[in-house]
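Residue numbers (my numbering), protein chains in the order written: chain A, 96 to 289; chain B, 169 to 305.
Keep in mind that the hints were calculated from the coordinates and are not lab data. Misleading hints may appear alongside valid ones.
Derived Cβ-Cβ restraints for the label pairs, each shown as a range [to be verified]:
no. : chain 1 : residue 1 : chain 2 : residue 2 : range
1   : B       : His-210   : A       : Glu-148   : 20 to 28 angstroms
2   : A       : Ala-185   : B       : Pro-302   : 29 to 37 angstroms
3   : A       : Gly-153   : B       : Glu-172   : 48 to 56 angstroms
4   : B       : Pro-234   : A       : Asp-256   : 17 to 25 angstroms
5   : B       : Asp-183   : A       : Glu-195   : 44 to 52 angstroms
6   : B       : Pro-234   : A       : Arg-286   : 42 to 50 angstroms
7   : B       : Arg-185   : A       : Lys-231   : 24 to 32 angstroms
8   : B       : Arg-185   : A       : Leu-221   : 28 to 36 angstroms
9   : A       : Ala-222   : B       : Glu-194   : 17 to 25 angstroms
10  : B       : Gly-198   : A       : Gly-160   : 22 to 30 angstroms
11  : A       : Arg-286   : B       : Gln-249   : 22 to 30 angstroms
12  : A       : Glu-155   : B       : Pro-302   : 27 to 35 angstroms
Okay, derived cross-link-like pairs now, DSS-like style, lysine-lysine, Cα gap no bigger than 27 angstroms in a straight line [stated by the list, open to error]:
no. : chain 1 : residue 1 : chain 2 : residue 2
13  : B       : Lys-238   : A       : Lys-254
14  : A       : Lys-229   : A       : Lys-254
15  : A       : Lys-265   : B       : Lys-238
Note that beta-carbon positions come from the ideal geometry of N, C-alpha and C, so glycine has one too.
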Amino acid sequence: MPGPPHRGRRPPPGPETPELYAPSRCYVKRARPSAAGRVVSYAGMIDGRRYFEEIQVGEEYESPGRTVTETDIVLFAGLSGDYNVLHTDAEFMRQSIFGERIAHGVLGLAIQAGLFTRATQPYATLAFVGLRWKFKGPIKIGDTIRVWARVLAKKDTAKPDRGLVTLDRKVLNQRGEVVQEGETDLLVERRSGG
Amino acid sequence: MAGERHYFEDVVIGDERVSTGLTITEAHVGLYRGVTGDGGEHPQAVPELLPLALSTGLGWRVPRPPLAVKAFLGFDWEILQPLRVGDTIRTSSRATTRRRMREGGVVIEEREIIDQRGVVVQRGRFTFLIEHRPHAT
Numbered sequence: 096m097p098g099p100p101h102r103g104r105r106p107p108p109g110p111e112t113p114e115l116y117a118p119s120r121c122y123v124k125r126a127r128p129s130a131a132g133r134v135v136s137y138a139g140m141i142d143g144r145r146y147f148e149e150i151q152v153g154e155e156y157e158s159p160g161r162t163v164t165e166t167d168i169v170l171f172a173g174l175s176g177d178y179n180v181l182h183t184d185a186e187f188m189r190q191s192i193f194g195e196r197i198a199h200g201v202l203g204l205a206i207q208a209g210l211f212t213r214a215t216q217p218y219a220t221l222a223f224v225g226l227r228w229k230f231k232g233p234i235k236i237g238d239t240i241r242v243w244a245r246v247l248a249k250k251d252t253a254k255p256d257r258g259l260v261t262l263d264r265k266v267l268n269q270r271g272e273v274v275q276e277g278e279t280d281l282l283v284e285r286r287s288g289g
Numbered sequence: 169m170a171g172e173r174h175y176f177e178d179v180v181i182g183d184e185r186v187s188t189g190l191t192i193t194e195a196h197v198g199l200y201r202g203v204t205g206d207g208g209e210h211p212q213a214v215p216e217l218l219p220l221a222l223s224t225g226l227g228w229r230v231p232r233p234p235l236a237v238k239a240f241l242g243f244d245w246e247i248l249q250p251l252r253v254g255d256t257i258r259t260s261s262r263a264t265t266r267r268r269m270r271e272g273g274v275v276i277e278e279r280e281i282i283d284q285r286g287v288v289v290q291r292g293r294f295t296f297l298i299e300h301r302p303h304a305t
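Construct the entire structure; sequences and hints are all you get.
Okay, structure coming up:
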């Protein structure tokens, strides 16, 4: 689609030329340098992603907390189809070793993945390729969890444009107890592109 | 407890069970992102943990009473191929190890997620603690 008609240099935006700048495509769809000199993408986000070279072994991150609610568990049962009594039958669970319904293990894992994105600047991740995970204790309704993570290892891969980053992660509750832990493997782009 | 359940004593090593299929839609992706805060931005890309989450439900949709899971202890998992909205997955699983313990039995299950082309897209090993069959009273 051609832009609005104009001759020579486009005049600077101002109240006297609103019609030229009113169409959203003038600003939203065109990448332009921001004040920091970074490129603003289509979605308007700054590409502040961290590439394989920039990530250092031993870096640690800690996320904000998130309180796991009954709603989260009900929605996750509906999404996954996992209606196991552990997560859905309050009366049955009153008699169990947990004393009440508990969150699905994979719900805790997925919330952890969401919290991780809020713990640090995003990686230039190409793919999440594997994990080794342990469920150590229950997440109960009303518990507040957060994730702690540390870069454990960096490895080269067969493809030169990416590398493998292994993170050690722990999911902690409000009492500081580790409820889940494990390692995750991410394929991260190299800035140099190999 | 009403309803038939599949106890540790009922688990047979090597028995393969294939679930029904499930087509992954934008609704699954949107709901997953909303609940968890995980999963990137591209509307057609399926977040890597979503098929795993769906497999935990598909595991119940096999011709067998639900497994009397006492606790899900852990798993190792590989993500081999990306999935897109519109792909249809099913799971195939079989028990490979069972170990009797006092408070239940540990069962290790190998699970694969297979797409509509028959390609294994994710696979791994789950460890469950399963209840003993209660003694008849």
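These are the hints, each one checked on the structure:
A C-beta distance of roughly 25 angstroms is found between B:His-210 and A:Glu-148, which places it inside the suggested range of 20 to 28 angstroms. For the hinted restraint 29 to 37 angstroms between A:Ala-185 and B:Pro-302, the CB-CB distance of approximately 21 angstroms leaves it violated. Taken as a hint, the range 48 to 56 angstroms holds for the pair A:Gly-153 and B:Glu-172, whose Cβ atoms sit roughly 52 angstroms apart. Distance hint check: the CB atoms of B:Pro-234 and A:Asp-256 are about 45 angstroms apart, inconsistent with the given range 17 to 25 angstroms.
Against the hinted window of 44 to 52 angstroms, the Cβ-Cβ separation of B:Asp-183 and A:Glu-195 comes to about 33 angstroms, which falls outside the hint. Taking the beta carbon of each, B:Pro-234 and A:Arg-286 are about 49 angstroms apart, inside 42 to 50 angstroms as hinted. The hinted window of 24 to 32 angstroms between B:Arg-185 and A:Lys-231 holds, with their beta carbons roughly 28 angstroms apart. For B:Arg-185 paired with A:Leu-221, a C-beta distance near 33 angstroms keeps the hint of 28 to 36 angstroms intact.
Hint check: A:Ala-222 to B:Glu-194, Cβ distance near 21 angstroms, so the stated range 17 to 25 angstroms holds. In this structure the hint that B:Gly-198 and A:Gly-160 lie 22 to 30 angstroms apart at CB holds, the actual value being about 24 angstroms. The hinted range of 22 to 30 angstroms is satisfied by A:Arg-286 and B:Gln-249, whose Cβ atoms lie roughly 26 angstroms apart. Under the hint 27 to 35 angstroms, the C-beta atoms of A:Glu-155 and B:Pro-302, about 46 angstroms apart, miss the expected range.
Straight-line distance between C-alpha atoms of B:Lys-238 and A:Lys-254 comes to about 43 angstroms, which puts the hinted pair past the 27 angstroms bound. For the hint pairing A:Lys-229 with A:Lys-254, the CA-to-CA distance comes to about 30 angstroms; that exceeds 27 angstroms, so the pair is violated. Pair hint A:Lys-265 plus B:Lys-238 holds up; C-alpha atoms about 22 angstroms apart against a cutoff of 27 angstroms.
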